[in-house]
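*Asks:* Produce the entire structure from the sequences given, and follow the hints as far as they go.
The chain contents come next:
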Amino acid sequence: MVGKTESQNGAVKATAAPAMNLESDLFSNFSFKSFKLKTKQQELLLRVSILGLVYILAFITRLFSVLRYESMIHEFDPYFNYRTTLFLTEKGFYEFWNWFDSESWYPLGRIIGGTLYPGLMVTAAFIYWTLRFLRFAVHIREVCVLTAPFFASNTTVVAYFFGKEIWDSGAGLVAAAFIAICPGYISRSVAGSYDNEGVAIFALLLTFYLFVKAVNTGSLAWALASAFGYFYMVSAWGGYVFIINLIPLYVLVLLITGRYSMRLYVAYNCMYVLGMLLAMQIRFVGFQHVQSGEHMAAMGVFFLMQVFYFLDWVKYMLSDTKLFQAFLRITVTSAVAVGALALGVGTASGYISPWTGRFYSLLDPTYAKDNIPIIASVSEHQPTAWSSFMFDFHILLFLFPAGLYFCFKKLSDATIFIVMYGLTSMYFAGVMVRLILVATPAVCLISAIAVSATIKNLTSLLRTKSKTAVAGSSKGTGGSKASSKASFDQSQPFQKNGAIALLLGAFYLLSKYATHCTWVTSEAYSSPSIVLAARGAHGNRVIFDDYREAYFWLRQNTPPDAKVMSWWDYGYQITAMGNRTVIVDNNTWNNTHIATVGRAMSSYEDEAYEIMRSLDVDYVLVVFGGVTGYSSDDINKFLWMVRIGGGVFPVIKEPDYLVNGDYRVDKGAAPKMLNCLMYKLSYYRFGELVTEYGKPPGYDRARGVEIGNKDIKLEHLEEAFTTSNWIVRIYKVKPPNNRW
Amino acid sequence: MEALLRPRIMLSLTIILIPIFLFISGASSHQIRINNAERRIDLSTHIVKVFLTLKVENTGKTSASEILLAFPPTQVDHLAFLEALAATGKKKKKTYVSLAVKPTQLPDAPNETNYYTIVLANPLNTGETATLEILYILTHSLEPFPVEISQSESQLVYYRDSALILSPYHIKQQTTFIKIPSNKVESFTRVEPTDRAGNELKYGPYEDRPPYSYSPLLVHFENNNPFSVVEELVREVEISHWGNLQITEQYKLAHAGARHKGIFSRVDYQSKPTFSGVSSFKHLLARLPPRVHSVYYRDEIGNISTSHLRADSWKISELEIEPRYPLFGGWRATFVIGYGLPLEDFLFESSDGRRYLNFTFGCPLVETVVDKLTIKVVLPEGAKGPSAVVPFPVEQRLETKYSYLDVVGRTVVVLEKKNVVPVHNIPFQVTFSPVLPLHFLSIDFIIFVSVLLGTFCVSGMI
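Sequences listed follow chains A and B, in order. Letter by letter, the first sequence follows residues 414 to 1153 of the numbering used here. Letter by letter, the second sequence follows residues 2 to 463 of the numbering used here.
Mixed in with the good hints there might be a few duds.
[Claimed, not checked] Lysine-lysine pairs mimicking DSS-like chemistry, simulated, CA-CA at most 25 angstroms apart:
#, chain 1, residue 1, chain 2, residue 2
1, A, K1147, B, K262
2, A, K1126, B, K262
3, B, K203, B, K180
4, A, K1145, B, K283
5, A, K782, A, K1066
6, B, K273, A, K1123
7, B, K273, A, K1126
8, B, K50, B, K253
9, A, K1145, B, K273
10, A, K504, B, K402
11, A, K1145, B, K262
12, B, K373, B, K419
13, A, K1108, B, K273
Read the hints as simulated data drawn from the structure, not as lab findings.
*Replies:* Here it is as structure tokens:
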């Protein structure tokens, strides 16, 4: 706890900037009056310096992880990205594009170039090459580590412009400040979190901004820019599907609400056609834009736009409104009918692929649980709890509805867009924890509108008062609600005090937000999860570096062609850090292969040995938290292995591992549980070890029980390496015995 | 395994013995006689140190200025260091003069015997005697047997040599002492008179042995000292005229002892440290110069958190590091140590205006053999006319390296040496003419200004 208060103090210091920015923004409003001549320049200077500060803040607040730990790649997927980036910088783009990786998914292998979104790697490699060209002798790892913070900084600039586009520059500045420190975004963009989302959120917001700009201006150039933004997004993240569905939906809403315009026509057509053609250049996406059910809405809307344009033209030609009404009815009906028919025929003939499971699971949160255990087993795919909304958005959660109110009050093409973006993304954020990330920019923008509009109203109220004494009837512009002519004299002091109180309250909330964000960033989102830190008995910091110990042992002391079997979570890390071939990894493209590993883990040793022999496995790696009390280990993930294994191989039955529906590892555990491979490998010789004073030997600290099987004998495997805190245990698969 | 090895040992012995019996003695060696030779072989670590004291007498007619040392071919490959001192004066007031030693080829050498010539400071006249103190160091000379051991076994090694000192001269009297690390000796060859007292074996004294006498000797004993061998070490010394000397050392460390066999059990390793993994090692000690700062210790996958630094501003700083895992026989670990040093401690101006770097050769790790050491001295950009002075033969070449904001690149003086032992940790010098600081400041300045201008342009767009 002592450490926490300390860091909170630090947090106040670090995030004083946005609050200050707001204050200085406010201050600028006051000072305009005294320096009338230079108001414009002053305002520009203030805006640029605030934006510059926000830009820097967004970067440095993400460096907690580097300060707390080190400049390293975090978690699971980033290791794959890092490995591919390394390959790209060493071998060049052509090799990268045609890379067949035999080190993963043994014996199947994986066509890396055709199954990944290259945007992130190419971006990092481009930054690296640029820096190298400028003679900055940086290491590619540092570039990768700092890519996400860099793009987060860029996102703040985009947020500013976006806010400026949909509301005003004040809202833009507030949005930039909000998004710079919003935990929902920071969770995916701290230094070291080298994942697709890091650049994708930038690309997403950029595409939306450019599209809204294109809709507002009707300019072909902006639409073209947004098509390129979309291309960048497609190259970076699978979440581009959100864009290609949201924008048609938005266009549809505009059409329905009668806001069809030439601007919209230009913007959408240009963006869609060019964006689609560009997106097809990404091998992983390929022809999905014309063949996959998920992309059909965009195409439908595209054709609908043409129908609208046609109708517009007919309307222009026809002077008779009645005739036109009839024509309209016929055309729309037949267009919809043709579209539906085309879709039906396409789907039935198999030309248009149906929606994927992931897409279904977004629309129906219970779908994955019943049908795709491999998606359901990932913790970040779980439905979001209220607490994590609170954790990630803090006051933005309350400002969001207020912002929606302001948007509805001043409805325009742009505000409709942000409202739709906010509402849909909030729904998705509720379905899956990780999609909070997508909702964050919308929430920040909408909240920024609320804050900016409120503060503007309040300050203008304050300012008009000093003026009203002289000028009388002049009222605050915008929505100053409280100014009523009747009780003018009486309400003045009350209004003033009320406005001051409200302003102070707003600043209190905003500073609370800043404190909260910094605290969350430093405490919750800056852990690399490769290195585990804990507090020792004397309050000192204890570091468990077991993962890297094991991976480095694999890298140095096993044959270079050794195949390592582990649960898929650790696949990317083993290939990236251990440099060894794995059977399955985090790219869960082949469910059967994963199920085979799950089956091996949940079988008896001799059955598992057959499976391992058939997969050429040399080493088996398990993660075990019984000594340290590390709870996300393989024993706690084991039921998912059983489920996924059982989903393909019915010989594995989940009830065999449970006792009356309870999952336990102590004496009362199911006999199959006590003798399956995973149990044996995790607890091998654990029964001899005293983990906690006053507890019997073999006391599992992660689950708080004494294990049920202390006399574990291994027949076909032998212990090859166990890390110093037992977190990773590696076993060697023995060659078969001689027959005579 | 044992059956396989035995013929190999026999074979190697015969190879050594054949040339000895077939020798034809060199003509020049007749006039020198060794009156007394005492040899002390220290086998307590994996670096074999041999101290040889020779009392030579010139019995010939002419004065002699050179003394030959003979080594069997098996030892020459492992010979890392050879030093000869001439002792003058009486017991308490003994002073030593270092003598030049150079490898020599003799046309009539008995098959494959290698020679080193010690050049005496003062030629030895007829009838005069001189005392020579010779130290030579052998690496990779302890051969583990059995070759593979399990975690609970301790490590046994062979040491092979001759009970009689190989020499082209007649030796009147000689004794050999072999010091082994513990009392545990499996076996040793007896060449009477042979005596064993605790951890010391005594061979001799042997009287009046003719030149090229040889008597194979084999000691099989326990040695659990860390057999830490750095297979490759690249040390980069980067001189920055901003006042810093940045050292980056890349290690490829291996345990060169008996290979680990079978399981590694963490329970046994943790609970029975005295019985389990006795030949493995976990700690390494690096001696770094005083006033060292910004020390880091990492490998390809990140920082290694197990290290302690005892920095000192006057004395040698000690960096205690642990590899990620204990090293058992045959296991490897690669890592990088980097640190900064104040430049004024190492860079000096010579009288002719040139600068010279005075830095320590060798490997900072204690009791470690380096199979291949590369030292790269990165000079400041634009430095000209580099030359290196190293007190022993090394391979030299020049490279170019581009670092931060370099335009023409930095000249790198590369020094390479094989088979480096701790006694090689002696200073060497690299001299160069620096360019005017203004020159490369301007390059940096131009880039800095252009970057600054670019930033302003970008900010102007907002």
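*Asks:* Indicate, hint by hint, whether the structure satisfies it.
*Replies:* Tested hints:
Restraint check for A:K1147 and B:K262: satisfied, since their Cα atoms lie roughly 13 angstroms apart, inside the 25 angstroms limit. Restraint check for A:K1126 and B:K262: the C-alpha separation of about 19 angstroms stays at or below 25 angstroms, so the hint holds. Under the criterion of a C-alpha separation no larger than 25 angstroms, the hint pairing B:K203 with B:K180 is consistent with the structure, at around 9 angstroms. Between A:K1145 and B:K283 the alpha-carbon distance is near 23 angstroms, which keeps this suggested pair within the 25 angstroms criterion.
Taking the CA atoms of A:K782 and A:K1066, the gap is near 17 angstroms; set against the 25 angstroms cutoff, the hint holds. For the hint linking B:K273 to A:K1123, the alpha-carbon distance of about 20 angstroms falls within 25 angstroms, and the restraint holds. Between B:K273 and A:K1126 the alpha-carbon distance is near 21 angstroms, which keeps this suggested pair within the 25 angstroms criterion. This hinted pair checks out: B:K50 and B:K253 have alpha carbons roughly 24 angstroms apart, not beyond 25 angstroms.
With a C-alpha separation of about 23 angstroms, the suggested pair A:K1145 and B:K273 falls inside the 25 angstroms cut-off, and the hint holds. Annotation: proposed proximity of A:K504 to B:K402 holds, straight-line Cα distance about 21 angstroms (limit 25 angstroms). With a CA separation close to 12 angstroms, the supplied pair A:K1145 and B:K262 stays within the 25 angstroms bound. In summary, the hint linking B:K373 to B:K419 is supported, as the alpha carbons are separated by about 4 angstroms, within the 25 angstroms threshold.
This hinted pair checks out: A:K1108 and B:K273 have alpha carbons roughly 21 angstroms apart, not beyond 25 angstroms.
Of the hints listed earlier, there is not a single one the structure fails to meet.
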